[in-house]
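For this one, chain A is given, so just place chain B on it according to the hints.
Chain by chain, the residues run as shown.
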Amino acid sequence: MAVSDLNVTVAVARPKRTARFKRPTLRVALPAIWIAFVLLLVATADHLPVPPPAQMDFDAAEAGPSVAHPLGADVDGRDILSRLAHGARASITVSVAAPMIGLLVGTFFGLVASFYAGVTRTAILGVLDAMLAFPSLIFALTLTTVLGPTLINVTIALGIMSIPAFARIARANAIVLLNREFVLAARTAGASDLYIMFREILPNMAMSLITYALTVMSIMIVAEGSLSFLGVGIPPPAPSWGGMIAEGREALERAPQICLIPAFAMFLTVLSLNLLGDAIRQRSEAKDGALS
Amino acid sequence: MMNRLATSTHQIGQLLAVLLLVSIASFGMLELLPGNLAYTLLGEGAQPADLARVEKELGLDRPMPERFFRWLGNAITGDFGKSYTSGETVWHAISQRLPVSLELMIGAQVLALLIALPLGLWAGYREGSAVDRMISSIAFGVLAVPHFVLGIVLLLLLAVWLRWLPASGFVRLEADPIGNIRSMILPCLTLALVEAPVYLRLLRSDVASTLREEFVVVARAKGLSDWRILLTHVLRPSSFSLVTVMGINIGHLIGGAVVIETLFALPGVGRLLIESINNRDLVMVQGVVLFTAASFVLVNLLVDTIYAVLDPRLRHGR
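Heads up: the protein sequence lines correspond to chains A and B, in order. Counting with this note's numbering, you get residues 1 to 292 for the letters of the first sequence. Counting with this note's numbering, you get residues 1001 to 1318 for the letters of the second sequence.
Note that these hints are calculated values from the structure, not bench results. Possibly wrong hints are sitting among the right ones.
[Claimed, not checked] Which bits of chain B does chain A cover? Going by a derived footprint, with three or more residues having C-beta under 8 Å, they are:
id : stretch
1  : 1147–1155
2  : 1200–1208
[Stated by the list, open to error] Label-pair restraints from in silico Cβ distances:
id : chain 1 : residue 1 : chain 2 : residue 2 : range
3  : A       : Gly190    : B       : Arg1280   : 50 to 60 Å
4  : A       : Gly64     : B       : Leu1310   : 52 to 62 Å
5  : A       : Val176    : B       : Val1309   : 27 to 37 Å
6  : B       : Gln1011   : A       : Gly118    : 19 to 29 Å
7  : B       : Leu1114   : A       : Arg199    : 48 to 58 Å
8  : B       : Phe1240   : A       : Ile210    : 24 to 34 Å
9  : A       : Gly148    : B       : Ala1049   : 52 to 62 Å
10 : A       : Ala172    : B       : Pro1048   : 35 to 45 Å
11 : A       : Ala172    : B       : Arg1228   : 30 to 40 Å
12 : B       : Thr1232   : A       : Glu285    : 25 to 35 Å
[Claimed, not checked] So these bits of chain A aren't anywhere near chain B, every CB distance computed over 10 Å:
id : residue
13 : Val38
14 : Ser66
15 : Ala68
16 : Ile101
17 : Val112
18 : Tyr116
19 : Arg168
20 : Met197
21 : Arg199
22 : Met205
The beta carbon of each residue, even a glycine, is placed where N, CA and C say it ideally should be.
Excised from the complex, chain A in its bound form (with noise of 0.2 Å):
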């Protein structure tokens, strides 16, 4: 057999660059936008030129959209425009800093209770279990009430009320990612377990815990929502969706739109979340099918 026989083409073509920066498409351009302009209804909630959102105007209760009140006004005559931008920064803030919490101390407990057994790991899965079983809005209640209900403090209940699931998920991750070659290799090197924790473990298992957090941003808008339509959660006169959607519900028969768009805005929100968090989700899927 000569040699030439044996002298095959190994790659036969270059391995396809996958574009890196692919157009986006609808399902991610339009919730993107959406999201946007929230944020920057939030920052120029105190500079739109509308009367602040507390300012009542009797005349115009329940009044249509006109110039002085793009949106109309409640039934106590204040500005729905003004009131949706103010309150958006009560649904962005809780959105973003609760999931931040479970994000942070779920992950550290999920990783210690992979990392060691016995009495450690019964007691951290105790209290989550036990955490997970209180319904999650009656815990978030009765965490807002004992604290009392203020913006923080109602984004401290829902904070503490994702952290079982974040932690469950660092877990769950945390457990398959153990058992791979480059921790063992790490431990050989002699790494301590912090960083083998912080430095192995965590980056490896961070997208599957931002994608969750994602949908967490959107659970906790309807969170935050439920808590204020209740009437536990940001007090009035402060403007919340939620609250705006409650107060809207007297005039329901004769004004629906007051309680219609607080509710349309809350609604495209947590869509437009959903849509990304999928969108994501579904890239980094494909990325580790290819991985493995």
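Relative to chain A, chain B alone:
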């Protein structure tokens, strides 16, 4: 056999531990509440002597661990205490409200399944088709509607504009069965529409993956019709995630769908909790929270047992 016994002993031990932690939490959360209970009860101009007397009556002068174990001991024997504000026992209040919450929960689950089962089966069977895409997109959209928004929209549509149903006002079942059903349709439908998309999506993806199993190919080769295969061979193995999530939902709803009960003014357990929170009725809040959490844990145990019925492989140890 021994293996199974060990598993269930382990499970029950775990259950008891979780229940203990839950009770510590429900007791402890309200211990943290600022302000003295006796002071809250007597109002601002309370005399020190009266304060001391009430504290003694309520046992508030005892050390915290003693109060906890006394409370827990009573709770285990079914005595959750008595409301300071209305004098009603917690157990009586819960048992008065429970039927309403149960009716809401059962009605909502039945309606949700009526929506989710056929659509989920259909979408999973036709995975990737136009029908599947349409059903899945609608489910995704409905999923983004907060439950109170959905309730308000349905209220506006069916009660205010079309005037088919009463907007609020609960009618007790024993007083007027027809009126009761009419007053429960809107709340049940709202809750069903919140849960149906979740069930539908779970069922759809499980059905789609079950259809790729070999035993489905065998069933096809036997010449069974598609619907027969779906209903007799595919549905059962595809319903695990559905049963899990339903279990969690049912567990949650025993404690009342707080928001829906508030929106439609239903006198259920969730409403009881909100009212007690607003009245600062701590004993009632503690009792309702403990009851809610305990029923959630117990329902989840029940769901684990249902798995064994659905999947024979789980019956013989793990």
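Against the structure, the hints:
1. 1147–1155: This one holds; 6 residues, not fewer than the three required, reach chain A with a Cβ under 8 Å.
2. 1200–1208: violated (count 0)
3. A/Gly190 x B/Arg1280: 50 to 60 Å: 58 Å, holds
4. A/Gly64 x B/Leu1310: 52 to 62 Å: With a Cβ separation near 55 Å, A/Gly64 and B/Leu1310 satisfy 52 to 62 Å, so the hint holds.
5. A/Val176 x B/Val1309: 27 to 37 Å: Given range 27 to 37 Å: holds, Cβ gap about 30 Å.
6. B/Gln1011 x A/Gly118: 19 to 29 Å: 20 Å, holds
7. B/Leu1114 x A/Arg199: 48 to 58 Å: Roughly 52 Å apart at Cβ, these two residues keep to the hinted range, so it holds.
8. B/Phe1240 x A/Ile210: 24 to 34 Å: With a Cβ separation near 28 Å, B/Phe1240 and A/Ile210 satisfy 24 to 34 Å, so the hint holds.
9. A/Gly148 x B/Ala1049: 52 to 62 Å: 30 Å, violated
10. A/Ala172 x B/Pro1048: 35 to 45 Å: 56 Å, violated
11. A/Ala172 x B/Arg1228: 30 to 40 Å: 38 Å, holds
12. B/Thr1232 x A/Glu285: 25 to 35 Å: 32 Å, holds
13. Val38: 14 Å, holds
14. Ser66: 23 Å, holds
15. Ala68: Nearest chain B Cβ is 26 Å from A/Ala68, so the label holds.
16. Ile101: Check passes; 18 Å lies beyond 10 Å.
17. Val112: Fine: 18 Å to the nearest Cβ keeps A/Val112 off the interface.
18. Tyr116: 19 Å, holds
19. Arg168: 14 Å, holds
20. Met197: 26 Å, holds
21. Arg199: Label holds. Min Cβ-Cβ 33 Å, cutoff 10 Å.
22. Met205: Answer for A/Met205: holds, closest chain B Cβ roughly 23 Å.
In this structure, the earlier hints numbered 2, 9 and 10 are contradicted, and the remaining ones agree with it.
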